[in-house]
Amino acid sequence: MNIALFLQMAAEACPDRVALTHEGIHYSYAALYEAANKAAHRFSVSDCEFVSVLDVSSPAVPISLMGAAMAGIPYVPLNYRLSEQQLGDLLDRIKPVFLIVDDHKAADFSDIEGLVEGRQTFLTSLEMAPVEHFSCIEDPSAVAIQLFTSGTTGTPKAALLRHEHLVSYILGSVEFMGAAEEQATLVSVPPYHIAGISAVMSSIYACRRIVQLSNFQALEWLNLCSHEQVTNAFVVPTMMTRIIDEIENNNFSADALGSLVAIAYGGGKMPLPVIEHALDLLPAVSFTNAYGLTETSSTVTLLGPDDHREAVNHDDSSIRSRLASVGKALPSIEIEIRDEQGRKLEHHEAGEIYVRGPQVSGEYLERNALIEDGWFPTRDAGYMDEHGYLYLSGRADDVIVRGGENISPAEIEDILFLNSGISDVAAVAIPSQQWGEAIALAVVLKPKADLTAEAINALIRSELRSSRVPEVIHFVEELPYNEAGKLLRRVIKSWFS
Amino acid sequence: MELKPGLRLRSAVCDAEVMVIKAAAGDGLTCGGESFLEQAQDAKAAANPEHMHGCVIGKRYVNEAETIELLCIKSGEGSLYYNSDELMTKDTKKLPSSD
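So the sequences go chain by chain: A and B.
Under the numbering used here, the first sequence has 450 at position 450, and the numbering climbs by one with no breaks.
Under the numbering used here, the second sequence has 1003 at position 3, and the numbering climbs by one with no breaks.
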């Protein structure tokens, strides 16, 4: 039981079918499988204990993922948008590493423990290498993927996904070779996101061609859809907003999206006006909302195309409101809503979402978060209706999900606490039409400090990055705390509503 | 041979390969009338012509009680039996693509 089996089967069943398209270059399943075999050999003889890709989407992503799987080495995709300091901290935790980066950046990492190679150099080396028939390491409990998540404490946790979890997810939700030859899926989510990884695995198992878009831009996404005759796509809500804007502003005609059959979305809260608008603008497209977490090997609930169409114009408001739900659990997944004491709640009662099933890892390198009987407390809050539809009501913890990207408040607060003019600060999530959630800051200045909102924004931009800059800043006298000294973020949030 | 989830087996009579998804006790599992081989073994046996209806890559095979389940990872001419019951294909529930 190894995720590389998916590629091996695809190469066996349809060797000549196109598996992957990237900037006009195609790989067949046979070619992708051969490249993964050669990569497995290179990873194996390197004596590295991790394989990492610190780069945008390219053929190196599926090849490294599958090659590392065959070699029995954990695959660790890294976020290329992180600061030098943050990256350094993560690289320190994966030594020695076979690191694949943008060719222009290879020199920046020459002092790491392990081996660093530019993406193109790596791909060329595989083309030149003799054919390998690497025999897969067969250990279902081996770690296939280690993904750094941003935790509440601000220090990223290393989530572990074992082959058995990922294989359960794919076998349970994807039909082998279920796609027709002309089907193609446009993958524009970053490769360090669980959605980017599961897109690679499920497309390979379905034998559906992957079209990679390295950096999402709405017009480029639309042009690629049309040019490559894309049939399926996955987007995060922010992307959907921008795609709609692009069509609305007449930069692109929706008629040119004739090949598009289905769009799946997830990774953050979809604003209701956006999905209603999308359904209206693209009447021939099937929409699916997927909810899942890194720790659950991606999707655990689905709101399918029929639910969308039924809900959008229904007279009954309880059915219409389903458009705001993340749908029902996959057949192999169980969901419970529990209160703070861990007691199971009734329908419509809000609490923390617990998930159980063979694809649920719930495990970090630092600790196993699974509780009794294999249940995973997601730290997401929500409720379920009597028909099994799940509704999210935010994070049980305080992570801000901006445009599908998880932002820990501590990350921003820690930087600002270092400023001599600030005595207290809290970052909270506020609803945003464009981003799903945006950042709001409550700041307490020290007496006589004359720090402006502009200066705070400039500080965050220079120390972190622009996605961490708040939408709004309130200067206040003091922040609310309970008797135990715990910051009451709920109260702060209410200041901004 | 003890069956366990994740174990990969080769047919002794044809090209078929299967992976065990759900294991059942005993050694009543056959392909084309002959017991399966482990990956490393390389022996060929004569097939039972009445057990040659084929198995297809990507299909999942179960017995009636669903106590055993196999995933065919390479097609072959032999058909799959467990304790003299022919295994049937099991449909994966059709789900919309979510990624």
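There could be a bad hint or two in this list.
Stated by the list, open to error - Within a straight-line C-alpha distance of at most 27 Å, the following computed DSS-like cross-link-like pairs (lysine-lysine) qualify:
1) B:LYS1094 <-> A:LYS328
2) B:LYS1090 <-> B:LYS1074
3) B:LYS1090 <-> A:LYS328
4) B:LYS1074 <-> B:LYS1094
5) A:LYS328 <-> B:LYS1022
6) A:LYS344 <-> A:LYS446
7) B:LYS1022 <-> B:LYS1090
8) B:LYS1022 <-> B:LYS1044
9) B:LYS1004 <-> B:LYS1044
10) A:LYS493 <-> A:LYS157
11) B:LYS1093 <-> A:LYS328
12) B:LYS1094 <-> B:LYS1044
13) B:LYS1074 <-> B:LYS1044
14) B:LYS1093 <-> B:LYS1074
15) B:LYS1059 <-> A:LYS328
No lab work stands behind these hints, which were simulated from the structure alone.
These are the hints, each one checked on the structure:
A threshold of 27 Å between alpha carbons decides the hint, and for B:LYS1094 with A:LYS328 the separation of about 14 Å falls inside it, so the pair holds. Using a Cα cut-off of 27 Å, the hinted pair B:LYS1090 and B:LYS1074 holds, with the two alpha carbons roughly 17 Å apart. Simply put, B:LYS1090 and A:LYS328 have alpha-carbon atoms about 22 Å apart, close enough for the 27 Å limit, and the pair holds. For the suggested pair B:LYS1074 and B:LYS1094, the alpha carbons sit about 22 Å apart, so the restraint of at most 27 Å is met.
A C-alpha spacing of about 25 Å is found between A:LYS328 and B:LYS1022, which places the hinted pair at or below 27 Å, so the restraint holds. The straight-line distance between the Cα atoms of A:LYS344 and A:LYS446 is roughly 45 Å, outside the 27 Å bound, and the hint therefore fails. With a C-alpha separation of about 13 Å, the suggested pairing of B:LYS1022 with B:LYS1090 holds against the 27 Å cut-off. Taken as a hint, the B:LYS1022 and B:LYS1044 pair is honoured in the structure, with Cα atoms around 26 Å apart against an allowance of 27 Å.
Between B:LYS1004 and B:LYS1044 the alpha-carbon distance is near 23 Å, which keeps this suggested pair within the 27 Å criterion. With a CA separation close to 26 Å, the supplied pair A:LYS493 and A:LYS157 stays within the 27 Å bound. Among the hinted pairs, B:LYS1093 with A:LYS328 is consistent with the structure: their alpha-carbon atoms are about 14 Å apart, no more than 27 Å. Taking the CA atoms of B:LYS1094 and B:LYS1044, the gap is near 37 Å; set against the 27 Å cutoff, the hint is violated.
Restraint check: the Cα-Cα separation between B:LYS1074 and B:LYS1044 comes to about 17 Å, which is no more than 27 Å; the hinted pair holds. A C-alpha spacing of about 22 Å is found between B:LYS1093 and B:LYS1074, which places the hinted pair at or below 27 Å, so the restraint holds. A hinted pair counts as satisfied when its Cα atoms are at most 27 Å apart, and B:LYS1059 with A:LYS328 qualifies at roughly 26 Å.
Checked against the numbered hints given earlier, this structure breaks hints 6, 12; the rest are met.
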